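Visitor: Using the hints provided, position chain G relative to the given structure of chain R.
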Amino acid sequence: MGMTIVEKILARASGRTQVQIGEVVEPRVDLAMSHENAALVINQFHEIYQGTGLAARVWDPEKIAIIFDHRVPAESAKTATNQKKVREFVAQHGIHRFHDIRGDEGGICHQILPENGYVRPGMVVVGTDSHTTTHGALGAFAFGIGATEMASVWTLGRVLNVEVPGTIKVVVKGRLAPHVSAKDLVLALIGQIGAEGASFKVLEFHGEAIRTLPTSGRLTLCNMAVEAGATAGIVPADSETVRYLRQEAGVKEVLQLSIPDPDAAYDQIVELDAKVLHPQIAFPHKVDNVHPVEAAEGIAIQQIVIGSCTNGRLDDLEVVARILAGKKVARSVRMLIFPASFRIYTQALERGIIAELVRAGAVVMNPGCGPCLGVHQGALADGDRALATTNRNFKGRMGNPNAEVYLCSPEVAAASALKGVITDPRKL
Amino acid sequence: MAKVILVLGSDISTDIIYPGRYMATVLPSETPQYAFADLPIHKRLNAGEIPPGSVVVAGKNFGCGSSREQAASCLKGWELRVVAKGFARIFLQNAVNLGLHLVICPEIEAGEGDELEIAGEEVIDRSNGRRFAITPLPKARQAIIDAGGLIPYTRRLLLEEKG
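Protein chains in written order, with the working numbering: chain R, -19 to 408; chain G, 107 to 269.
Source of the hints: derived by calculation from the structure; they are not laboratory data. A portion of the hints provided could be inaccurate.
Claimed, not checked - Simulated crosslink set (EDC-like; lysine to aspartate or glutamate; CA at most 20 angstroms straight-line):
#	chain 1	residue 1	chain 2	residue 2
1	G	Lys245	R	Glu3
2	R	Lys(-12)	R	Glu143
3	G	Lys245	R	Glu6
As the list claims (entries may be wrong) - Heads up, incomplete: computed chain R residues facing chain G, CB under 10 angstroms, no partners named:
#	residue
4	Gln30
5	Ser110
6	Glu207
7	Ser312
To be verified - Computed footprint of chain R on chain G; a stretch qualifies when at least three of its residues, placed anywhere within it, have a C-beta under 8 angstroms from a C-beta of chain R:
#	region
8	167 to 173
9	197 to 205
10	239 to 249
These numbers come from a predicted model, not from an experiment. C-beta: ideal position from N, C-alpha, C; glycine also.
For reference, chain R alone in the conformation it holds in the complex (with noise of 0.2 angstroms):
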């Protein structure tokens, strides 16, 4: 029997020629990246090591990736304390693949991983962080754990205990229309499976659509898998996949494609016609709540925030600056933008696009997490509605409970900061 992507992977990172759905196996890592919960992370590995008599060491250096990027610049002096210990602890450990709060190589993780050609097609990534799904764009295996499980994985170099998930295949025919995006082809793919409709599942994504989508919304299609439940997606890699780690992550090794046999089963086959999507909105306060952009044509929001590891790229910012160029943002509202690494925001310097979203009233921030999830910067006022190319828009999630968040691509974002209402922007 032929096997899917995922099942490939874990067959070979599991030293097995095939494997089963639901069979238990350990498969090494290829990657495992931490943010600042890395700090959590060395304490759980440290309780691992008690007691043993064995000197703690994590089992490999040169496959360890932790990023700052939740709380940059620390906003308390309780992250700083945090931040300090993690960096005491790589410098220990001799983990090169750090990055700190710095303009020469600092961002987003779900950035940095793929622009540095950490990524590659085939790898199993691990990631203390639930949008690990994003790396499955570049044909990874990339799923989410917890701190603990991390530990675990910086100790023994495999992830214990995983059941082969089952493949849901997601064949988008045709082409996305102008002014529709990857955003709204994976926010109209979780409206209609569901919040979890792929849990404990993996999305393999197919079809005309995926394969004319550059890596970039490749990124955020994957980035969102897990709003569907789903434990992974995964685009398989073609000359795109190619293009870009060669042209943009500087990658020079040999790289090895693997593709699904023909004969790959799969537990559902989901379809969607891109030609006739429209833009989508996903209305407070859950990802799944989607309804096409006229349903919400005229929704007055006092935020916007584009960036984030979802929709942070660079030609997410370059169709921003297009629409905003020597126009107004509406004086009701704050628009706040966060690149989602300093590669880009440098990018988007040298070809003028910051320039144009500040002279439009746009305040560009530096790349992080902080406002998606209410942890550092543009917090919401009690009764605001933010309009946000984010990925989350749960009850409390910008930092108030009091407050509600829409969820849109970057094209409505923008057209919607021009006239404060949310807009459609083939209407401009």
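Guide: Just chain G now, with coordinates in the frame of chain R:
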């Protein structure tokens, strides 16, 4: 027997269980104070009004969203148990890893104040006699529970392989 102290719907996110604004707090000894920080139950927990072993009943997809382990450690700190129609994957794994007692009970319906008995294969609501079948946790999780959590489980493997 354990009293139901909170009944919640489906898709309860980790932002409800442990809001992001408290994420800089990581120690299991400190996270319980922020459990369900935006719900009325928060005050009762911190006032010491909720006895250990009390039950939270929820719908499907409990613990969806962020991988933050605080969402499991804060409930474990109060020794709460969660009986839900289903759990999100990362939360379920975190809970098992830390020893938080979860029960998958796809048909569960109960009211606040009900007394539940969590028997081997079913949950019995002693307030009205209704019975609900329990779905066992995935077998890969059971081995970790049996070892007393992921830390002792990993420690044992470490000693076997490097000791």
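Visitor: Taking the hints in turn, state whether each one holds.
Guide: Here is what the structure says about each hint:
Between Lys245 of chain G and Glu3 of chain R the CA atoms are separated by roughly 10 angstroms; this keeps the pair inside 20 angstroms, and the hint holds. Between the alpha carbons of Lys(-12) of chain R and Glu143 of chain R the distance comes to roughly 14 angstroms, so the proposed pair stays at or under 20 angstroms and holds. The hinted pair formed by Lys245 of chain G and Glu6 of chain R meets the criterion: a straight-line CA distance of about 14 angstroms does not exceed 20 angstroms. Given the 10 angstroms rule on beta carbons, the hint for Gln30 of chain R holds: about 8 angstroms separates it from the nearest Cβ of chain G.
Because the closest C-beta pair between Ser110 of chain R and chain G is about 4 angstroms apart, less than 10 angstroms, the hint holds. For Glu207 of chain R, the interface hint holds, the least distance from its beta-carbon to any beta-carbon of chain G being 8 angstroms, beneath 10 angstroms. Because the smallest distance between the Cβ of Ser312 of chain R and any Cβ of chain G comes to about 26 angstroms, over 10 angstroms, the interface hint for this residue is violated. Given as covered by chain R, the region 167 to 173 of chain G passes the check, having 5 residues with a CB less than 8 angstroms from a CB of that chain where 3 are the minimum.
Counting residues of the region 197 to 205 of chain G whose CB lies closer than 8 angstroms to any CB of chain R gives 4, so the stated coverage by that chain holds, three being the minimum. Residues of the region 239 to 249 of chain G with a Cβ under 8 angstroms from some Cβ of chain R number 5, which satisfies the need for three, so the listed coverage holds.
Hint violations for this structure: number 7 only, all remaining hints satisfied.
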